[in-house]
Every structure is written in structure tokens, then in C-alpha cells.
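Novice: Given the coordinates of chain A, work out where chain B should sit on it, guided by the hints.
In order, the protein sequences belong to chains A and B. For the first sequence, position 127 (counting from the first letter as 1) is numbered 127 according to our numbering, and the numbering increases by one without interruption. Take any residue in the second sequence, note its place counting from 1, add 1000, and you have its number in our numbering.
These are calculated hints, taken from the structure and not from any lab test. From a predicted model like this one, the values you see are computed outputs, not experimental measurements. Ideal Cβ placement from N, Cα and C applies to all residues, glycine included. Treat the hints with caution; some may be incorrect.
From the structure, some residues in chain B lie toward chain A, with a derived Cβ separation under 10 Å [said to hold, decoys possible]: (1) Ser1002; (2) Arg1019; (3) Met1050; (4) Ile1054; (5) Ala1066; (6) Asp1084; (7) Leu1086; (8) Lys1088; (9) Asp1093; (10) Ile1094; (11) Gln1311.
There are 2 protein chains.
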Amino acid sequence: MSQFDVLCIGNAIVDIIARCDETFLVDNTIIKGAMNLIDTDRAELLYSRMGPAIETSGGSAGNTAAGIAGFGSRSAFFGKVAEDQLGKIFSHDIRAQGVHFATKPLERTPPTARSMIFVTPDGERSMNTYLGACVELGPDDIEADVVANAKVTYFEGYLWDPPRAKEAIRLCAEIGHKNGREMSMTLSDPFCVSRYRAEFLELMRSGTIDIMFANSDEVKSLYQTDDFDAAVKLLGQDCKLAAVTRSEHGSVIIRGDERIEIEAIRVCDVVDTTGAGDLYAAGFLHGYANGRSLEVCGKLGSLAAALVIQQIGPRLQLSLADAAREAGII
Amino acid sequence: MSQFDVLCIGNAIVDIIARCDETFLVDNTIIKGAMNLIDTDRAELLYSRMGPAIETSGGSAGNTAAGIAGFGSRSAFFGKVAEDQLGKIFSHDIRAQGVHFATKPLERTPPTARSMIFVTPDGERSMNTYLGACVELGPDDIEADVVANAKVTYFEGYLWDPPRAKEAIRLCAEIGHKNGREMSMTLSDPFCVSRYRAEFLELMRSGTIDIMFANSDEVKSLYQTDDFDAAVKLLGQDCKLAAVTRSEHGSVIIRGDERIEIEAIRVCDVVDTTGAGDLYAAGFLHGYANGRSLEVCGKLGSLAAALVIQQIGPRLQLSLADAAREAGII
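Here chain A stands alone, though its shape is the one from the complex (with noise of 0.2 Å):
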């Protein structure tokens, strides 16, 4: 029997999330709703122009695991955080949640990443992220017997952006397929994905990834096509199985031939999209993980994502096992 349902590799990250409007992002040359890698001085420059913020945990994949645990199946997360509060508080939290973390943290400098998140009046988000910390994941930080023991491992795009993040995903990659076990990963961003697409679509031939994520700009990004359509047929072509999502439009699955759409859970007010696709991800590994079907999964997916979207960060604080049972998906 395994003992996870899904394992989760990924920037372990705080997030700290303001309020801002639109020319503040043109004045400050942010990419709206992409993610944007900061160094310290602009890390430094950006929080003296942030208006009063909150601090959450998050971290695409840290914020996934949480919601694996929150719908009940049992999750595990590697991480790299830094012996300081920040890091301590990365720690409780997922810890809290019921993931299994026990990634050492790093004794010395760079501190705990954080990413500044500034929402606009729209809901969107848009990420400012100082990796700190984050840098030092490598090879070292796998827990073999973890990695060998979860149906399904499941890491970032953005892990990409660390030196020596990718050794540890081979690694990974290579126990868990050993073990019968099934690879997976998200696109994260299509600023990311233009950084590294070769090496993401090598993954994906080679065998490497057997699940992926991907959101339509992601997708677009990946094919460098502006055809939606085009691109998923390719990323089906490309992968056993994909999910990728289309904000208000809902998700699409493709196995092989097989194309599902589901259809997203109408929101009236967007408060903030942090964690979005993050808990579409959750919800799908959740259900995936417990041998539901893809439809059941994408509705898992659709229903965490939209219930993140109407609170501030990418963390619930409700019960999503309560919430799958009373909106009648399982």
C-alpha cells in the first residue's frame, strides 16, 4: 500500500498579499497576472512602495499539497525554507494542514522566499518573487522511501528557476517510475514556460512527466501558437494525460483521444485568483489519487479552484472535504 496519495516538490514560499490598482503595476513595471522574479534590492524597492499587506503561506505546489490534505487524502511536500520566522511560519502551516514536510531547513543565509502579491481591483494577481531559501533545493532534499511511496509526485514549473531544483526531479522521476508510480507537473507560468520550453516538452517525451497541468496561456506559450485548440491537441499528443484550465471557461482532460470539458463553478465576486490553478490541481491529484473518474476529477478541481478565488490567499481555511460532499461530487 502506498503512504501518500500524492507527493508535491515546489518553491517553498510566504506569500505577503496587498491591495493595489492598476497604474501601480504599470508605475512598477509588473507583469500582471505572471509571475515576476525579483533579487533583493527590488525585493527591498517593492515592499516600500506595498501598501498593508497580510503574510500566508503559499507556493504553487506547497499551496496544492495543502489542498490535497484539506480534501483528506494524504499529501507530502519538499520544500527549501531558511531557520527564520518566515521559514518557521511555512512550516506550521502545512505542517497544520496535515502534510507530511520535513525538507531540513537551511541554516544560513539566503532567508525564507517570499512573493509579493498584488491584487487589483479585478481579482487578479500578479507576483513579485524573491526565491531566497528556495535556491538551495537539490538532490539532497529527496526522501527516497517518500518519493517511492506516493501514487503520484507532482512539482512546479518554476522549480525550473533554482540551479539545482531539476537534479532532484530526475531523481524523483526515476524512484517513482522504478516503483510504479506516476510523475506530474504544471507549467506554473507562461513567462516560465517560455524559459524553458525545450526542457518542458523533452519531459514530457521523454516519459519523464505523465500528468500535466497547464492553463490556456501556458499551453499557448508552450506550442507558441495562439490556438487554443491546436495547443491542447498537440499536449495530448505530447502527454498520457493533461488537464488544462480556462478560467471562467471551465477545464479541459485529454487522454489519448479523449477530450472532457468541465465546466468552472460560476463566481459572482472574485476577491483575489492566488492559488487558482494551484487548487484546480488539488482537486484533480485528490480525486486522480483515489481512483475517480477524470470528470470527477475535473469537477474537484473546478470546485476548490473557485472557492479559493473568493477569499484572500491561496490557503482555505474551510473543510474542501466538506465542501466536495455538500456540492455533490463525491
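Specialist: This is chain B only, laid out in the frame that chain A set:
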């Protein structure tokens, strides 16, 4: 002309807020609705049992200072943080709100104060405060020119917990009154009143305090009676001006023989009561410092309190100035 409308002085605290059920409070002997003071060991223990949380700048008088600035008044804050990540978060948030904050941070231990706040399903908050760096606040932290140039200096009764803050307050009262300014305080918490009843009564009867804020539990604790009206009458005799909040029953303002009843604003869904009293004081003092009638002061207090209990955490993300205009109060 005065440089500041209101100067607020209090414990500089970062709030760590999580939901819990009623049994959690019982099992952990947390007094519901109160501010429970805790030491390092208990802080570690409670945090290990706490669910996933969010962090936000807090502290009673800090919330009031932020609220006053949110209304568009000029406010200042004195309070002690340490030079650590939580201290930087506190300093950033209060300055980003437009509050003057220049208290020198503590270079050594203890770390910045934090309050673990457990919010039960009824929206009530139960606080567990580790005072940390706040214990070092003393007369050296008083910026005399700010006190001399603030129309009202407002502080929290909680300042009687750290050892030397009361000396700082007595110094402020001296400077303030010498410059024709007014002094104001909040009784903070019924258990805080129990700890310092005689001193708080003396502060009023000696004329050190001109304006007193309290809630019904606190004023009843002050005069050791269950009779609200009797307690309010005694408060009116001891203090030139007082405002007593009564949760959903609104508030009562007393000045000599004058007694003004202010209705609460009906709130359908109380999310988290953290900051309700602090924001009432913010609204009241904003009105007071700008020469509004006591009725308008009370209404501004009710409005700010009603808004803050509909969100998580004590710092409002929306503009109180806009909210007051939209509500037609000013």
C-alpha cells in the same frame, strides 16, 4: 497647528489568526473572548496545536492608529518591535497605512510580539499574547514633539502588563496636558481591568485621562458590578468623556449628565471580531479630533467596527474614508 490628530501607544504585535472549534479552547484552557498572556513555552505549545494560520499586523492601539489613518486623519504610533522579520512586517504595514512610526526597534532578544488568535465559528476571537519585545517599551521611546503636537494621545490598558510602559504613559500625559492636549485610553480587556483596577481608576480620578473607551464587560469589571447602567453612571462621574461599546447593542457615550445612545450597524455574518473595539475607537477619535459631534463620533465608531468584523483580521483593506462617505455619516 497640531501635526497629528491622534497619537496611539500600545503593544506592537503581529497577529497569527486561525480558526478553531469551541472544544479547542476548553481543551487548551484558553479563556474565550479574552486576551490571555502567555510565556515562550506556552507560545510554542499552542502554536504546535494551532491550525494553518494567516499573519497580519495587529496590536490594539496599532489597529486604532491604522484605522484613524484609514479615515484620512493624521496619526502616529509608539510601540516596540524587535529587528526581526515579524518586526519588519509590523513596521511596514503601519507606515504603509500612512501612520508615523519611528520607535527604535530592539536590537537584541526577545523577538517581536505575536498574538495567536483563535476564531470560533461564532466569530469570537480568543487571544494568546506573547509580549516579546514589547516588554522593553519605556520613557526613552517617547517622542516628546509628537506628543506635544497630537490633539489626542490614546493608549491601551494592556500597556500596564509590560514593566515600564506606564512610566512612558505618565510622561506623555505630562507633556500632552502641558501643551493643552487630551489623553485617552481603552480599558482593553476585563481581565486587564482586574489586574490594574485601582490604577485605572486613579488615572481617571486624577485627571490623567480625559477620554475613556471601554466595552460593557470592562466597565462592569472596573466597578465590580453586574449592573451596566450603574457602571456607566460611575464612569461618567470619574471621567470627562467616555464611550462604552455593547457589541450588537451599539454604544453609549457619556459626557457629564449627557448620555447618547448609538445604534450598532447590523451585520449578517460575523467572520472575526478581532479589532472591533480598536476600530470603534478609531472611528470615534477620527471624528473627535476633527471636531465632529459626539453622535457622529459614535456613528463613525460603529461603522468601522461593523466593517472589521466582516473580514479576517483587524486591519481593514478598504478605505474607511470612502466607507464613511458612502454611509452618509460625513
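Novice: Against each hint, give a clear statement of whether it holds in the structure.
Specialist: Comparing the hints with the structure gives:
1. The interface hint given for B/Ser1002 is violated, since its Cβ lies 24 Å from the closest Cβ of chain A, which is over the 10 Å cut-off.
2. Interface hint status for B/Arg1019: upheld, as the beta-carbon distance to the closest one in chain A is roughly 6 Å, under 10 Å.
3. For B/Met1050, the shortest C-beta to C-beta distance to chain A is roughly 6 Å, which falls under 10 Å, so the interface hint holds.
4. Because the smallest distance between the Cβ of B/Ile1054 and any Cβ of chain A comes to about 5 Å, under 10 Å, the interface hint for this residue holds.
5. Against a cut-off of 10 Å between C-beta atoms, the interface hint on B/Ala1066 holds, since the closest Cβ of chain A lies about 7 Å away.
6. Given the 10 Å rule on beta carbons, the hint for B/Asp1084 holds: about 6 Å separates it from the nearest Cβ of chain A.
7. Given hint, B/Leu1086 at the interface with chain A, holds; its Cβ is 5 Å from that chain's nearest Cβ, closer than 10 Å.
8. Look at B/Lys1088: its Cβ gets to within about 9 Å of chain A, closer than 10 Å, so that hint holds up.
9. Because the smallest distance between the Cβ of B/Asp1093 and any Cβ of chain A comes to about 4 Å, under 10 Å, the interface hint for this residue holds.
10. Given the 10 Å rule on beta carbons, the hint for B/Ile1094 holds: about 8 Å separates it from the nearest Cβ of chain A.
11. With its C-beta approaching chain A no nearer than about 9 Å, B/Gln1311 sits inside the 10 Å limit, and its interface hint holds.
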